[in-house]
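Residues in the sequence shown are numbered consecutively from 174, following the working numbering.
Honestly, the hints are just simulated from the structure, not real lab data.
A virtual CB, placed ideally from N, CA and C, is assigned to each residue, including glycine.
Heads up, a few of these hints could be off.
[As the list claims (entries may be wrong)] Straight-line C-alpha distance at most 27 Å; calculated DSS-like pairs for lysine-lysine:
1) K510 - K493
2) K315 - K197
3) K601 - K645
4) K510 - K484
5) K601 - K197
6) K645 - K315
[Unchecked claim] Here are the in silico distance ranges between beta carbons for each label pair:
7) G640 - M174: 41 to 49 Å
8) G466 - R381: 16 to 24 Å
9) S655 - E692: 14 to 22 Å
10) N373 - D687: 32 to 40 Å
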Amino acid sequence: MSLLTVTTSPFAGQLPGTSGLRKKVTVFQQPHYLENFVQALFDVLHGEGGRASGQTLVLGGDGRFHNRAAVQTILKMAAARGYARVLLGQGGILSTPAASAVIRRHGGGGGIILSASHNPGGPDGDFGIKYNGHNGGPAPEKFTQAVYERTQVLNCYQISDAADMGIDTLGAQQMEDTTVEVIDPVADHAAVLRGLFDFNAIRALFQRGFRLRYDAMWAVGGPCAKAIIEGELGAPAGTVVHAEPLEDFGGLHPDPNPAYADDLVAHLMAPDAPDMGAASDGDADRNMILGRGFLVSPSDSLAVLTAHAAKVPGYAQGLKGVARSMPTSTAVDRVAKAMGIACYETPTGWKFFGNLLDAGQVTLCGEESYGTGSDHVREKDGLWAVLFWLNLVAVTGQSVEDLVRGVWNAHGRCVYSRHDYDGIATEKANALMADLRARLSSLGGTTVAGQQIAWADDFAYTDPVDGSVSQKQGVRVVLEDSSRVVFRLSGTGTEGATLRVYLERHEPDASRQDIPAQEALAPLIALAEAVAHIRQHTGMDAPTVMT
Numbered sequence: 174m175s176l177l178t179v180t181t182s183p184f185a186g187q188l189p190g191t192s193g194l195r196k197k198v199t200v201f202q203q204p205h206y207l208e209n210f211v212q213a214l215f216d217v218l219h220g221e222g223g224r225a226s227g228q229t230l231v232l233g234g235d236g237r238f239h240n241r242a243a244v245q246t247i248l249k250m251a252a253a254r255g256y257a258r259v260l261l262g263q264g265g266i267l268s269t270p271a272a273s274a275v276i277r278r279h280g281g282g283g284g285i286i287l288s289a290s291h292n293p294g295g296p297d298g299d300f301g302i303k304y305n306g307h308n309g310g311p312a313p314e315k316f317t318q319a320v321y322e323r324t325q326v327l328n329c330y331q332i333s334d335a336a337d338m339g340i341d342t343l344g345a346q347q348m349e350d351t352t353v354e355v356i357d358p359v360a361d362h363a364a365v366l367r368g369l370f371d372f373n374a375i376r377a378l379f380q381r382g383f384r385l386r387y388d389a390m391w392a393v394g395g396p397c398a399k400a401i402i403e404g405e406l407g408a409p410a411g412t413v414v415h416a417e418p419l420e421d422f423g424g425l426h427p428d429p430n431p432a433y434a435d436d437l438v439a440h441l442m443a444p445d446a447p448d449m450g451a452a453s454d455g456d457a458d459r460n461m462i463l464g465r466g467f468l469v470s471p472s473d474s475l476a477v478l479t480a481h482a483a484k485v486p487g488y489a490q491g492l493k494g495v496a497r498s499m500p501t502s503t504a505v506d507r508v509a510k511a512m513g514i515a516c517y518e519t520p521t522g523w524k525f526f527g528n529l530l531d532a533g534q535v536t537l538c539g540e541e542s543y544g545t546g547s548d549h550v551r552e553k554d555g556l557w558a559v560l561f562w563l564n565l566v567a568v569t570g571q572s573v574e575d576l577v578r579g580v581w582n583a584h585g586r587c588v589y590s591r592h593d594y595d596g597i598a599t600e601k602a603n604a605l606m607a608d609l610r611a612r613l614s615s616l617g618g619t620t621v622a623g624q625q626i627a628w629a630d631d632f633a634y635t636d637p638v639d640g641s642v643s644q645k646q647g648v649r650v651v652l653e654d655s656s657r658v659v660f661r662l663s664g665t666g667t668e669g670a671t672l673r674v675y676l677e678r679h680e681p682d683a684s685r686q687d688i689p690a691q692e693a694l695a696p697l698i699a700l701a702e703a704v705a706h707i708r709q710h711t712g713m714d715a716p717t718v719m720t
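Required output: the full structure, derived from the provided sequences and hints.
Have a look at this one:
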């Protein structure tokens with residue numbers, strides 16, 4: 174074995190988005206493309222030409238197409254950089270929350286996660302790479318910006334010429350001076366979860382005949398869910414479905430929302446529906462919860478977990494605070510206020526929760542995009558959320574629907590929906606947002622589409638821990654009755670741009686809480702069009718997806 178220095182040149186557009194660098198598989202398969210990004214990452218971490226002597230790197234991904242090839246490349250580059258040890262998930266697989274758990278439990282300097290999360294997989298699908306720091310959480314913006322800037326000036330990278338390594342058998346191997354230890358991808362994550370929840374109570378729930386359908390969507394959440402829910406908690410075989418990780422996710426879109434988890438929704442809406450349904454996404458950090466004949470919005474899920482957290486062993490001492498992304502509904506704000514705990518509003522992206530969690534200012538956090546988590550790791554965690562719900566059902570004796578309606582009865586319902594306009598030409602999406610921002614100062618105090626606007630702004634966030642400032646995080650239009658319409662461009666896609674429009678209206682009247690969301694939100698939908706001129710800018714008459 175020897176170390177090679179390979180001449181290269183920069184690729185345009187290697188700027189990480191909300192959760193890392195995501196592109197089509199065919200883009201990542203270009204010669205030098207992945208190598209350039211990894212070299213830039215290592216240069217920012219260790220200095221140009223610096224060594225990673227004595228350090229541990231955690232590595233794994235969601236198992237999608239190109240994962241195994243990318244793992245081999247990164248192993249050879251880590252060996253060339255002088256890492257003392259690489260902890261690699263067996264088969265190259267680690268769910269995102271599992272990777273965070275491994276970093277935190279084994280003192281890793283950080284980790285590389287290969288995932289495009291809920292995006293489609295397969296040869297024609299998407300691929301992604303991101304770096305998580307020593308706390309187990311996503312790298313902050315200033316770090317990812319530095320990596321991008323480094324990608325734009327690279328002229329070479331270093332790599333070992335070692336042969337590909339066997340990655341399917343547990344145990345240690347050597348590459349150059351680097352020890353590569355292939356580890357169980359489930360064990361560390363399961364150990365963390367085991368310490369948080371009342372497994373005896375959940376086990377008794379299943380013994381009483383409680384029925385769950387957990388759809389792992391042919392992704393990496395399957396093995397851990399099957400090991401814990403069926404193996405340790407005694408749920409009947411077949412409770413976890415689509416549990417085998419597949420490179421193309423079985424041809425499905427591994428996004429746990431009603432638009433893509435239609436099989437699960439159909440089962441939970443059927444006359445013989447199980448008591449609870451759940452799904453996780455491609456890298457197992459997102460979750461969807463359903464009751465029998467009842468969909469739970471992610472915003473309501475966070476509010477319920479907050480309201481009842483003390484009933485779960487891991488949170489029996491109470492919550493230090495909670496946090497939500499700005500577009501997420503204000504349901505958790507209302508619960509937190511009643512509990513007398515702080516509630517923080519951050520930009521979209523789990524990395525913004527990291528400082529709050531590390532500083533001990535919050536315990537639970539969540540996003541409207543089907544992500545919830547806590548201070549047990551520094552990522553959102555799909556299986557964690559499912560176990561939390563099972564624990565609550567087990568100890569309260571209430572159904573999923575009862576738990577949600579309890580929050581509605583106490584605090585009113587925050588009727589909520591997200592409308593996604595996918596595949597917009599980037600220049601058109603940018604023009605829409607620029608036009609909207611140009612008119613913000615004139616919207617307050619006006620009536621548009623019959624709605625009285627109180628104020629409008631472009632959300633900016635000052636981190637209360639380190640003082641860093643993030644600008645232009647989404648346009649907010651807030652009405653006199655506190656209803657909101659939020660506009661932002663997503664940073665998780667790989668082609669064109671996605672405009673997300675978030676709609677929220679508080680409904681305290683219990684007799685009106687069952688009006689279908691799109692009907693209840695119709696005045697806000699009209700306002701969104703009137704304010705942003707979506708049809709004019711995009712040529713689209715309706716959203717691609719409504720959740």
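Now for the hints, and whether the structure bears them out:
1. K510 - K493: Judged against 27 Å, a Cα distance of about 13 Å means the pair holds.
2. K315 - K197: holds, 25 Å
3. K601 - K645: holds, 17 Å
4. K510 - K484: holds, 19 Å
5. K601 - K197: Measuring from Cα to Cα gives roughly 21 Å; hence the hint holds.
6. K645 - K315: Satisfied, since the Cα-Cα distance of roughly 16 Å is no more than 27 Å.
7. G640 - M174: 41 to 49 Å: Once the Cβ atoms are compared, 46 Å apart, the range 41 to 49 Å for M174 and G640 holds.
8. G466 - R381: 16 to 24 Å: Since the Cβ atoms of G466 and R381 sit about 20 Å apart, the hinted range of 16 to 24 Å holds.
9. S655 - E692: 14 to 22 Å: The hint (14 to 22 Å, Cβ to Cβ) holds, given that S655 and E692 are roughly 19 Å apart.
10. N373 - D687: 32 to 40 Å: holds, 36 Å
Going down the numbered hints, you'll see the structure goes against none, and every one checks out.
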